[in-house]
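**Q** Reassemble the complex: the two chains are provided individually, in unrelated frames, and hints are given to aid placement.
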Amino acid sequence: MNPKRALIRSALAGVIAAGLGQLASAHDGEPAAGKEKCYGIAKAGQNDCGTATHACAGLAKKDNAPDEWKYVPKGTCAKLGGKLKPPGGK
Amino acid sequence: MSGAEALARLQAEFAAALVAEGDAGFASRLAGEPSLALRRLAIYRRAVEANRRGALRSAYPVVARLVGEAFFGEAARRFARDCPPDDADLNRFGGGFPAFLAAYPHASELPWLGDVARLEWAWHEALMAADSPGLDYAALARVGEAAQPRVRFRFHAAVRLVRSSWPVLAIWEANQPGRDGTPDREEGADDVLVWREDERVRAALLAPPEADFVARLMEGASLEEAAADGWDFSAALGHLAAGGMLAGFSAGTPAAS
Numbered sequence: 014m015n016p017k018r019a020l021i022r023s024a025l026a027g028v029i030a031a032g033l034g035q036l037a038s039a040h041d042g043e044p045a046a047g048k049e050k051c052y053g054i055a056k057a058g059q060n061d062c063g064t065a066t067h068a069c070a071g072l073a074k075k076d077n078a079p080d081e082w083k084y085v086p087k088g089t090c091a092k093l094g095g096k097l098k099p100p101g102g103k
Numbered sequence: 066m067s068g069a070e071a072l073a074r075l076q077a078e079f080a081a082a083l084v085a086e087g088d089a090g091f092a093s094r095l096a097g098e099p100s101l102a103l104r105r106l107a108i109y110r111r112a113v114e115a116n117r118r119g120a121l122r123s124a125y126p127v128v129a130r131l132v133g134e135a136f137f138g139e140a141a142r143r144f145a146r147d148c149p150p151d152d153a154d155l156n157r158f159g160g161g162f163p164a165f166l167a168a169y170p171h172a173s174e175l176p177w178l179g180d181v182a183r184l185e186w187a188w189h190e191a192l193m194a195a196d197s198p199g200l201d202y203a204a205l206a207r208v209g210e211a212a213q214p215r216v217r218f219r220f221h222a223a224v225r226l227v228r229s230s231w232p233v234l235a236i237w238e239a240n241q242p243g244r245d246g247t248p249d250r251e252e253g254a255d256d257v258l259v260w261r262e263d264e265r266v267r268a269a270l271l272a273p274p275e276a277d278f279v280a281r282l283m284e285g286a287s288l289e290e291a292a293a294d295g296w297d298f299s300a301a302l303g304h305l306a307a308g309g310m311l312a313g314f315s316a317g318t319p320a321a322s
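First to last, the sequence lines map onto chains L and H. Each number in my numbering comes from the position in the first sequence (counting from 1) with 13 added on. Each number in my numbering comes from the position in the second sequence (counting from 1) with 65 added on.
Looking at chain H on its own, in the form it has when it is part of the complex (with noise of 0.2 angstroms):
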């Protein structure tokens, strides 16, 4: 083995030690006392979930006031252990603790937690997504009459549609800093509108028709696809254009049908 290679292995044991239970083993490689050796590493276990807990705490602020820092603490811990980060970059760790959180058995009592934390990972996917090409509108213009029902749009990286049972936007903004946690409403089924407009993330509450209209243009539906029968879509998709939503857009053949 050359001295790169040993020294790899060593890094990847070092860092599997870091998040491993127990001993682990790796104690009784480092020098000096084992006992002192495995407080020292577990210095750096501590750094590296201190780490995590706090990337998943800055991404999910609401979660964390809702359940209070305790809870959070060993919710984000537990998860971290069972879904490590697979990238360096923290801003990207934490896409599944809305999953995690639903499924989560302490948190049964809280049946709208894990959709509250969809909307806090759409916010904060909202705020890192890049920068996309606005809507070329003379293109647009030049698309025929016969092609305009096939026209589909591309989103801007950043929009995201959460669709809830509850009314986790009421719930959001009652968590929002300066507010008390009492929601406006206890009642809803809240469709929420994110996506980043002026360098700020926005979120708009959609009437169901809007959002199923949306959810369809998103999943890549054509304009005739995602209209519904009778319901004027017109001020539906100026908001989205004039939010900066719509990138670009095909007007090609659709698929066999």
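Excised from the complex, chain L in its bound form (with noise of 0.2 angstroms):
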């Protein structure tokens, strides 16, 4: 047998093993522990009809008209402005 099917053969075994006892023991431990970010983010639902938004949106006086501070970033990008590099530096 040649190693890459030796290898495709331990990780299913390992796989399945892990599977079943998961089943047998009911729950599992923390997944993966410490390697991934994990977040619970709850999120309101959106539809395009409904008055999701409060009616002041729809009062105001002005429509959203394009301004030229509108297409200048602000927000939290200043604080990695140029300074983020992709590997390389490309």
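Careful, some of the hints might be misleading.
Selected chain H positions facing chain L (Cβ under 7 angstroms, derived; list incomplete) [said to hold, decoys possible]:
id: 1; residue: 133
id: 2; residue: 135
id: 3; residue: 177
id: 4; residue: 206
id: 5; residue: 240
id: 6; residue: 283
id: 7; residue: 284
id: 8; residue: 303
Simulated from the structure, these hints should not be mistaken for lab results. Computed from a prediction, not measured in an experiment: that's the story for all the values here. Glycine included, each C-beta is placed from N, C-alpha and C at the ideal position.
**A** Rendered as structure tokens:
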């Protein structure tokens, strides 16, 4: 058997053993401990017909016409600015 | 024209007038003083715009924080105008926003912005995706040794892999509530696996060989095709299985090769 096939066999055996074991024990500990970031985020439903936003949005005196200042990114990107680099300084 | 047809036509014209630029001629068909009618129509127009902006704001909170509300609002307005939603469920609106941002001239100094948005959309989709069945381990155990290399996995509907030339996960984390927006690292080419487990969305940074392996499996490659020579993928496969990311498999013969 070539090495890749041997690896496939052992990797699948590991997955199967862990999977069947997980079913048997019903609860598994923290998966892949410490490796991933986990966030629980609740989101509100959105639909295109309701007044999901409060009525004031529609009652605003002016349309949201473009202005020059709306094209300038503010917010927290100033903190990263030009500091971020892809690897190799591309 | 029947009454129902006339009503359907009137409604379609009203819907078109809500997203049209300028008067669009619809106000003249409304009862009352024309200038007043236009102002009344504008209330509906702004409500539609606000709903769509709100949907994007909900899916892209990190982008909004990165660029600020004014910039975000204008980008959202233009995107909604160019790519209006095709589904009344606005949770499905905004899949094209990352590409829009990547090409948005006013964001050209933020070359990573489109990739951050891709990560946010992956997160959003992972949250909204339907549940998938779990892997049938007993059936997998019955696959004969000769057929094992041909095993192809089906992934849970919530699994996404976002590959970027930028440290997108670091940027994303730095812009979660309670953080000040300064990333822990300034360099990186983040390959981020996103999935849902125990009703929560999770993300993990993958090393390049693992990302290549997962990407190939997600494209439908068999284990033999996905595995790089000389690299032990056992842990990577174990991670996918333990996270509930594998929803099924086939072990049929490959397409003519």
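**Q** The structure should be examined with respect to each hint, and the outcome stated for every one.
**A** A quick look at each hint next to the structure:
1. 133: Hint on residue 133 (chain H): holds, closest Cβ of chain L at ~3 angstroms, below 7 angstroms.
2. 135: holds, 5 angstroms
3. 177: holds, 6 angstroms
4. 206: holds, 5 angstroms
5. 240: Hint on residue 240 (chain H): holds, closest Cβ of chain L at ~6 angstroms, below 7 angstroms.
6. 283: For residue 283 (chain H), the interface hint is violated, since the closest Cβ of chain L sits about 17 angstroms away, which is over 7 angstroms.
7. 284: violated, 18 angstroms
8. 303: holds, 6 angstroms
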